[in-house]
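**Q** Residue strings, one per chain:
Protein chains: 6
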Amino acid sequence: MGKSNTKAGRKAQNQRRPAAGDDDHKVTALKLAPAELTPDMAAYFAKCEEKLGFVPNVLKAYAFDMAKLSAFVAMYNDLMLAPSGLSKLEREMIAVAVSAQNRCYYCLVAHGAAVRQLSGDPPLGELMVMNYRAARLSNRERAMLDFAAKLTAEPWLVEEEDRGRLREAGFSDRDIWDIAAVAGFFNMTNRVASATDMRPNSVYHGQAR
Amino acid sequence: MGKSNTKAGRKAQNQRRPAAGDDDHKVTALKLAPAELTPDMAAYFAKCEEKLGFVPNVLKAYAFDMAKLSAFVAMYNDLMLAPSGLSKLEREMIAVAVSAQNRCYYCLVAHGAAVRQLSGDPPLGELMVMNYRAARLSNRERAMLDFAAKLTAEPWLVEEEDRGRLREAGFSDRDIWDIAAVAGFFNMTNRVASATDMRPNSVYHGQAR
Amino acid sequence: MGKSNTKAGRKAQNQRRPAAGDDDHKVTALKLAPAELTPDMAAYFAKCEEKLGFVPNVLKAYAFDMAKLSAFVAMYNDLMLAPSGLSKLEREMIAVAVSAQNRCYYCLVAHGAAVRQLSGDPPLGELMVMNYRAARLSNRERAMLDFAAKLTAEPWLVEEEDRGRLREAGFSDRDIWDIAAVAGFFNMTNRVASATDMRPNSVYHGQAR
Amino acid sequence: MGKSNTKAGRKAQNQRRPAAGDDDHKVTALKLAPAELTPDMAAYFAKCEEKLGFVPNVLKAYAFDMAKLSAFVAMYNDLMLAPSGLSKLEREMIAVAVSAQNRCYYCLVAHGAAVRQLSGDPPLGELMVMNYRAARLSNRERAMLDFAAKLTAEPWLVEEEDRGRLREAGFSDRDIWDIAAVAGFFNMTNRVASATDMRPNSVYHGQAR
Amino acid sequence: MGKSNTKAGRKAQNQRRPAAGDDDHKVTALKLAPAELTPDMAAYFAKCEEKLGFVPNVLKAYAFDMAKLSAFVAMYNDLMLAPSGLSKLEREMIAVAVSAQNRCYYCLVAHGAAVRQLSGDPPLGELMVMNYRAARLSNRERAMLDFAAKLTAEPWLVEEEDRGRLREAGFSDRDIWDIAAVAGFFNMTNRVASATDMRPNSVYHGQAR
Amino acid sequence: MGKSNTKAGRKAQNQRRPAAGDDDHKVTALKLAPAELTPDMAAYFAKCEEKLGFVPNVLKAYAFDMAKLSAFVAMYNDLMLAPSGLSKLEREMIAVAVSAQNRCYYCLVAHGAAVRQLSGDPPLGELMVMNYRAARLSNRERAMLDFAAKLTAEPWLVEEEDRGRLREAGFSDRDIWDIAAVAGFFNMTNRVASATDMRPNSVYHGQAR
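Protein chains in written order, with this note's numbering: chain A, 1 to 209; chain B, 1001 to 1209; chain C, 2001 to 2209; chain D, 3001 to 3209; chain E, 4001 to 4209; chain F, 5001 to 5209.
Since the hints were derived computationally from the structure, they do not count as laboratory data.
All residues carry an ideal CB built from backbone N, CA and C; glycine is no exception.
Among the hints, a few may not be true.
Which stretches of chain C does chain B cover? Using the computed rule of at least three CB atoms under 8 Å from a CB of chain B, they are [as the list claims (entries may be wrong)]:
1. 2100-2109
2. 2122-2131
3. 2200-2209
If we strip away everything but chain A, and leave its shape as in the complex, we get (with noise of 0.2 Å):
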């Protein structure tokens, strides 16, 4: 409880390890040669840099094989950005309490992120990260994240009750739709991220703090 809080003192005692998360040079810890961008993909990367000054790993890992690439961003943008029952934040919030559940690190960093940025609430980012039962939460959130995080640890347990608790606290048939598809896409990309030690672009980690 009492720790040098200077920037100075915390060099000085940082000198005998490298910094722990932060190699961007690599963006997984694989070598797949980049493939050419096609002319589609270009213009999403350069909108990504516009839009967020950078563009995210996730992208550049599949940027190794274009029909790759453009299925996972038609999927990730129709999922996470088009109309829905659900707002943004509520997508987001199930991502990072998905991602939190497999303890995926790339997924935590990034979309940790968006909830604090979308919600203004950086502590809300942090209990996504942490757990997600300890929020203040709304009926409809904490229903919405049990049914995510319940279809994330034992799938083969959900049944009619668990989406009758979901209509209970006012979702549709279509947001019910849309929950699973998210937690199952956190559920694939988590695992792809972990499974080829994909690292999140540094600039996530001071985002709206």
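Fit chains B, C, D, E and F to the given chain A structure using the hints.
**A** The following block gives chains B, C, D, E and F in isolation, referenced to the frame of chain A:
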């Protein structure tokens, strides 16, 4: 060990209950009105009818929204049918071993049939469903499935050592991506299927026995 | 979704690997010389041949010692075939649901076939193997399998409340004993089979599909 | 660390609650009227009274049906008392280590006493109940219990490598069968006991301390 | 069920192996030279000798460093002996139920003896070690142990609803703190004991049987 | 990937919900009136205010009882701040890795900040929270955290072999004690925090990002 083997006998015993898994009239537990198929998707459905004799229920389930259906089909076909260092059978074996971990009825039925068909070895399909560790597998197949199973059950424990075991078994970095991507994909679809109680086409049950 | 469906096509694809589960030449991984059958056991084996067309491999596995074989047969026949408040199909459903929890290849193959036969409903057999919770079951069947599954996975949590749920579903105390005894028995045989790599007779695979 | 040690003091403190585990008046939570003992079983019960001073409650629990009681006794006596490459103590050690995994009160009390008696080493009985890994065991004993524990907790992971470790520790194929059969048997009885809330004879508690 | 009960018989059988848990010469697996006892700690050890007849091994284990020993003793005595809405027996019951979840040999032996002594009911000590759910407990005791067990196994799932159940069982907010603190403390000591292979004083084994 | 980045935009989006984790008005879910601080504790609180700028909420939580507060502070300061073969950063890394396993919001926030501060490497703090296995660690750090994680999740499996791995990584027996003691301590505090819904001071969130 002394069961009635005549078809009539079985029918009689069965009178007290309806068939347990065979309600093809409904694809999922969600009421989502089908959208109008785009020309591309209409052509794809027609091709399924022609080659398989039916449209897989998962496609009907996604057909309430053409953007979602297209993205799913694009990703599925790239992963399972495009050129890869993994054979189509190997990709289906991953699909079933992952779905067995997640106890997903839809995917086990549909892709269990695919393993039986592609291998010409019906017990292999059963083994993938029941416990892939009991199968007589090549070192390559076993390493592939062990990686997929660990990635499914405990993705947070997957590390360089696990990738190393795949490399020792002869897999390239591109192959490792494909194993991860297929395993990841079925971790997604297993959850969409379980979340929505998706039911497989009953025709799968009798295929390639 | 576009697999070759011809038998020749499948044979060709399969040339690179031997059949995966079909080595009937060996019943278990243990080398135990068969003992001489007692007259009782010889008669029992003959009855199996006559009624089933084969001697189940589990019996051959126990046949290195007549005391063990006799005790196993006596207990098996009492549990699965003697009069009980549970139908033979119900007892087989328990057998498969328990074996699914334990992922026992031998018992899933042999008793999955029994569920298909006794029910005349092949998908029901598949559902018991894959995830009994996805089956359309009566309340009675569901309560019975939920009890058996909990007793298999977390026996230390079974309490009066669990027995109460069986009673509410119409089971008598004697029925509860029988559910427990059948579930317990397969928790035993699953482990003997897994410990010894017991292989099922290949004839089961095609039965009652 | 400063508790009253006098018997009177303890009795006084205890007045507020009845004894917690000592209701011998009831053997299980199920109401099953005892059947008339067959001559064989009557003789066996008499032998128990003579040699042990009491009839173990598990036998009373099965005594509602003579076929079930006889089959249980035949299997139990063959497994635990017949000639085997495993000593009686080794078989009891397996019984307790398995029952500890399953947290079965009945079997831990009855067979914990057996380990204390057969070994003449009371702490060994406690170690089997609490955590066999903390005991000072021979390589042979440790290999045997590691196999039994894995077979109990995750039977689907048992493979040739596990059998190989038993062979390295000096066990024959017949011994491996016996280890599997004893471990399997207690996985059965643990579940029958837990399912029925079977209570041990209170006399076990004080034996061989 | 027919074991030799004579002490000589047991001794003979036991000649092949040394006692399994009884090596009091060594308190932990770590070689840490004892420090000189401070006057306070020397007085405390003397008081243990006087009241218990021995110094508990956990104290000897901490005695390599007086600051650590003092802090441990202060916390232990406050939690287990200071005034509280929980009786000393209730606190010991929590200690054993927590230690059973963590399968900690040291704490189960030492605090199992404490439950036997304080309750005057030896089977109650066994039940806490083996499976507290099998004990005949008051609602208050059961609610307390269910909370402690959940807090031990899945602390991240503990929420207001769990505290609510304690309040319904009559516990005050201060009592809830004490239940949490005692359960937390044994989650600490269980791990220190397991990490260092701490061995209990052998005298505990025979106490209050 | 295209989120509004302006503070005003975020504020607007956030109007529909209160901040999720930031209710400093309440330290725990328990109503426990603060006791009068002893002179020692008053001095300690004053020192916290002076050095940290605030009193950590965990201290306020314990301040309903001076004996409990003093014992906690004594143990905490000895473990985390006294001389040890482990650096303060290493001890904080253990704290966070253990708290991540237990998903404890309070400890992850407070000690995650400490890792960021002491290391001068903000991503290292995130990695400890999210999945320490993804961090670029020295062999020494990795061995230390693997031991702490196993001790947290499955203490009953920790054996001489595990201590051996620490020794191979260069740790002395005294270091092993300290690793165990720190890991044990946070297994305690995680549970006290989770049991009482302890909330961290909000100032931690922005520290050393």
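**Q** None of the hints should be skipped; say for each whether it holds.
**A** Each hint tested on the structure:
1. A stretch counts as covered by a chain when three or more of its residues have a beta carbon under 8 Å from one of that chain; for the region 2100-2109 of chain C and chain B the count is 6, and the coverage holds.
2. Restraint check on the region 2122-2131 of chain C versus chain B: 8 residues with Cβ-Cβ distances below 8 Å, three needed, restraint holds.
3. Given as covered by chain B, the region 2200-2209 of chain C passes the check, having 5 residues with a CB less than 8 Å from a CB of that chain where 3 are the minimum.
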